[in-house]
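In my numbering, the protein residues as written are 1128 to 1255.
Be aware that a few hints might be false.
Claimed, not checked - Pair ranges (Cβ atoms, derived):
| id | residue 1 | residue 2 | range |
| --- | --- | --- | --- |
| 1 | G1140 | G1183 | 40 to 48 angstroms |
| 2 | R1144 | A1181 | 24 to 32 angstroms |
| 3 | A1233 | G1140 | 17 to 25 angstroms |
| 4 | E1145 | T1197 | 36 to 44 angstroms |
| 5 | E1175 | V1239 | 18 to 26 angstroms |
| 6 | K1141 | V1239 | 18 to 26 angstroms |
| 7 | M1148 | R1196 | 17 to 25 angstroms |
| 8 | P1231 | K1141 | 36 to 44 angstroms |
| 9 | P1150 | L1179 | 22 to 30 angstroms |
Rather than coming from a laboratory, the hints here were simulated on the basis of the structure. The C-beta atom is built at its ideal place from N, Cα and C for all residues, glycine as well.
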Amino acid sequence: PPRNHRAGWEAMGKQEREAVMAPLREPATFCIRSFEAAPPLLPMLRVEEAFLRARGFNVSFIDGALSNRTTADEPRTLWRFARHRWGETAVALGFEEVHVEGRPVAVSSRTVRARSYDLNEVLRQALR
């Protein structure tokens, strides 16, 4: 939760934290799978989305990050750990915070600006 509620999680009281997390007690009512795809992965995700929709699944891959605010212009760090097109990942945290024990090794990084969505608002919309 502190990763998703950075602005106020530590300041929230017990009841407020429980209220924010309450929707997660009923996971069968929704599914939000989150990962932040690097731009080179988006065309492959669009193909997968079409494949799943053609088979009747109600699925959407959204080009954007989950964070604590909704904006069209949020900086995201893209970390490259291999030379192939799958070797880049977008994370809001530092690379070393996600990948421990020195593996994989970050080859390079760059910052892009892209959409970001408030996790609380996404959950509210999904649970309507």
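Tested hints:
no. : hint                              : in the structure
1   : G1140 / G1183: 40 to 48 angstroms : 44 angstroms, holds
2   : R1144 / A1181: 24 to 32 angstroms : 41 angstroms, violated
3   : A1233 / G1140: 17 to 25 angstroms : 38 angstroms, violated
4   : E1145 / T1197: 36 to 44 angstroms : 24 angstroms, violated
5   : E1175 / V1239: 18 to 26 angstroms : 22 angstroms, holds
6   : K1141 / V1239: 18 to 26 angstroms : 38 angstroms, violated
7   : M1148 / R1196: 17 to 25 angstroms : 19 angstroms, holds
8   : P1231 / K1141: 36 to 44 angstroms : 38 angstroms, holds
9   : P1150 / L1179: 22 to 30 angstroms : 24 angstroms, holds
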